[in-house]
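What follows is each chain in one-letter form.
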Amino acid sequence: MSPEAPVRASQAPVIRALKEAALTGLLAAAVFLPLIAFTTVQSMRNELMLETQWGLFFSFVAIVVVARFLYFVVLAPWLERRPSKPIASSAPVPAWRSALTKWFTPFALGFVAIYPIIVILLTGFGGAVKWIDNFGIQILIYVMLGWGLNIVVGLAGLLDLGYVAFYAVGAYSYALLSKTLGFSFWMLLPLSGILAAFWGILLGFPVLRLRGDYLAIVTLAFGEIIRLVLINWVEVTGGYAGISGIPRPTFFGIPFNASEEGFAAVFGLEFTPLYRTIFLYYVILGLALFTAFITVRLRRMPVGRAWEALREDEIACRSLGINTTNTKLTAFAVGAMLGGFAGSFFAARQGFISPESFTAIESASILSIVVLGGMGSQIGVAIAAVILVGGTEIMRELDFLKQIFGNDFEPIRYRMLLFGLAMVLIMIWKPRGLISTRTPSVFLEERKAIPADLLKEGRG
Amino acid sequence: MEVFVQQLINGLTLGSIYGLIAIGYTMVFGILNMVNFAHSGVFMVSSFIALNALLILTTWLGVSSIVLALLIILVVSMVLTSVLNWTIERVAYRPLRRSFRLAPLISSIGMSIFLTNFVQVSQGQRNKSIPPMFGETVTLIQGRGYDVAISYEQITIWVVTAVLLLAFWYLVAKTSLGRAQRACEQDQKMAALVGVNVDRTISITFIIAAALAAVAGTMYLMYYGVVNFADGFVPGIKAFTAAVLGGIGSLPGAVIGGLLIGLIETMWSAYFSIDYKDVAVFSVLAITLIFLPQGLLGRPDVEKV
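So the protein lines, in turn, are chains A and B.
Here the working numbering is used: the first residue of the first sequence is 1, the next is one more, and so on.
Here the working numbering is used: the first residue of the second sequence is 461, the next is one more, and so on.
Pair ranges (Cβ atoms, derived):
| # | chain 1 | residue 1 | chain 2 | residue 2 | range |
| --- | --- | --- | --- | --- | --- |
| 1 | B | SER636 | A | PHE443 | 50 to 58 Å |
| 2 | B | ALA690 | A | GLY351 | 20 to 28 Å |
| 3 | A | VAL266 | B | ALA690 | 41 to 49 Å |
| 4 | B | VAL694 | A | ARG300 | 41 to 49 Å |
| 5 | B | LEU653 | A | PRO13 | 26 to 34 Å |
| 6 | A | PHE58 | B | ARG550 | 20 to 28 Å |
Some chain B residues close to chain A (C-beta under 10 Å, calculated; not the full set):
| # | residue |
| --- | --- |
| 7 | PHE497 |
| 8 | ILE509 |
| 9 | ASN512 |
| 10 | TRP520 |
| 11 | LEU544 |
| 12 | ARG550 |
| 13 | VAL551 |
| 14 | LEU562 |
| 15 | ILE569 |
| 16 | PHE574 |
| 17 | PHE578 |
| 18 | GLN580 |
| 19 | GLY584 |
| 20 | ASN587 |
| 21 | PHE693 |
| 22 | VAL739 |
Since the hints were made in silico from the structure, they are not lab data.
Note that the coordinates shown come from a computational prediction; the quantities given were computed from them, not determined experimentally.
Ideal Cβ placement from N, Cα and C applies to all residues, glycine included.
This is chain A alone, in the form it adopts within the complex (with noise of 0.2 Å):
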């Protein structure tokens, strides 16, 4: 990982590994002596028992010592025999790179457009809800708030830690005024949008002279304060208890369900609850691509250069008479509105909200998948939250593992874990992120790619 003291040369290399290997294993030993060798159970008469997995606990110092070992015995030399890059690659871009990034876009689209047919062709109209469901929209609901969140973090370099207040801010707005209104998805879609733009503008007004780091902490708190408010305005949001029986949207006024007006019948078809779930699933996709358009079009226009010119030298952007504070506020409350439209589909699509989802760990689920996939990149941004959002949620389909680990093993129980170990390790392998090539927006005769050892950004 990082470069080691030269070998001497009086110590063979196995014997090193060994000594590292040892050194390593004592150190796992010290971490995990406290947290795996020992737990601890409530007993019977309320008291804590102090119980032991010696096993458990040798079993991981082993595997860490093991893998340590392995890491110097084989991987080390293999990295140093491997001719290192040079920094600026001038050399030819290889064919089957350029092809694929010439066809992953229609590509990808072109799968995500008939993806619920795939998987009612694969597992029949039974299984296909949950895959529909769990994946195709829990995945693009990501997209969209990666996409969403690209604007403010990926493209004006605002690091935003409260970007989920937002997201709550139209999942409430949907449900309280639908369910006190009557007003139909499609009216407060667009409303829900609007108020969470406006709480952006009003939240990020006072902080977004702030920078980076300071910003980030201070998006956090308001983002905490946001859902502390969610849950002790009892009479409004229902506190912890949430807002339940959200009314759901529906197709052109026709409902999903089963009466006589209803979709299925309507159509003349057989009622299954799949259809709903096909159309959230359009309407989903609908909207994220509806965030990427807007993204590729804004990049283009003046505020958007504006954004990116921020991005990477703020003082030079002040000198050349940019108005910093208004292109930040813009670039925040088109945040904000996506967010917001992001939420409202939310709170449709559950029919069910409460402030246990928009914890300060969504926030940080979602900069990390514009982080992860690379600031700026859609396309990235996209990868990451199909590998981190797919990841964690195939996490709930791995029942076979029931069979090698007991019947105790519950998958589910590993998702988060995995997901801040999945983050740490991406940040270690490629700290810019899965696409960290910037695309300029303004170019010279061709379009040029430009790798990211080339890249330096401003303070923001």
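Dock chain B against the given chain A, drawing on the hints supplied.
Coordinates of chain B only, in the frame set by chain A:
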């Protein structure tokens, strides 16, 4: 009046805990310019270490003296938490030292999620509660129907915090290690040129941060008598608020900020609304950053081109 004095005592106790955590934030921020999100997780882990150590001591080894047990727990928790934080720095932050600005931040968020869930999986989701350690109080003022009292736990927290802060102040202000640390804070490249081992200094910073967080974690366990895997987050943000309020990068600032935040929280709970006490603290954070970005004792952030 009685309520005020009682809340003052409670606030100072809480504030000592926040101050101890805040030092960790402020030191790491000072030297690496990064908000260490995993610090709240480290704090929470340390209170679990203390819990398990306490149970081993009392139920297995039959240590009956509370003071002795507490001392051993404190040392064990400090040592093991330091090892943990050293490992975290080595694994998750050092490879990213020279890389893109947001990379260590994201890595620390990932580490924080990892720590929380690791404890949730390995130690269980339920609250872990222990019986009160001393359970005795000293009555200060006999009021009409309301006595002002200090518990032995509170006295312990004050004494331990004061002693450790003195030791820590000596370490930073008078030793060569402290000098190296302050040099790295100002300019890492320059410090390296004059012979300061930057990597080692940063590692030691993480170790000290963890040791103080471990004291806070042990005190937290002793004071509240209950820990949960999710308990790190809120004290973590409050401690960060304390660090910002005191002026990030300033060590006395972190302690003063911590005490202030503790007082604001307890006073707000006593006189306004206990439901909105966290909102009050977070608002303090936002207000400080907007009107007093350099904090009470911090240096103003000079922007260089």
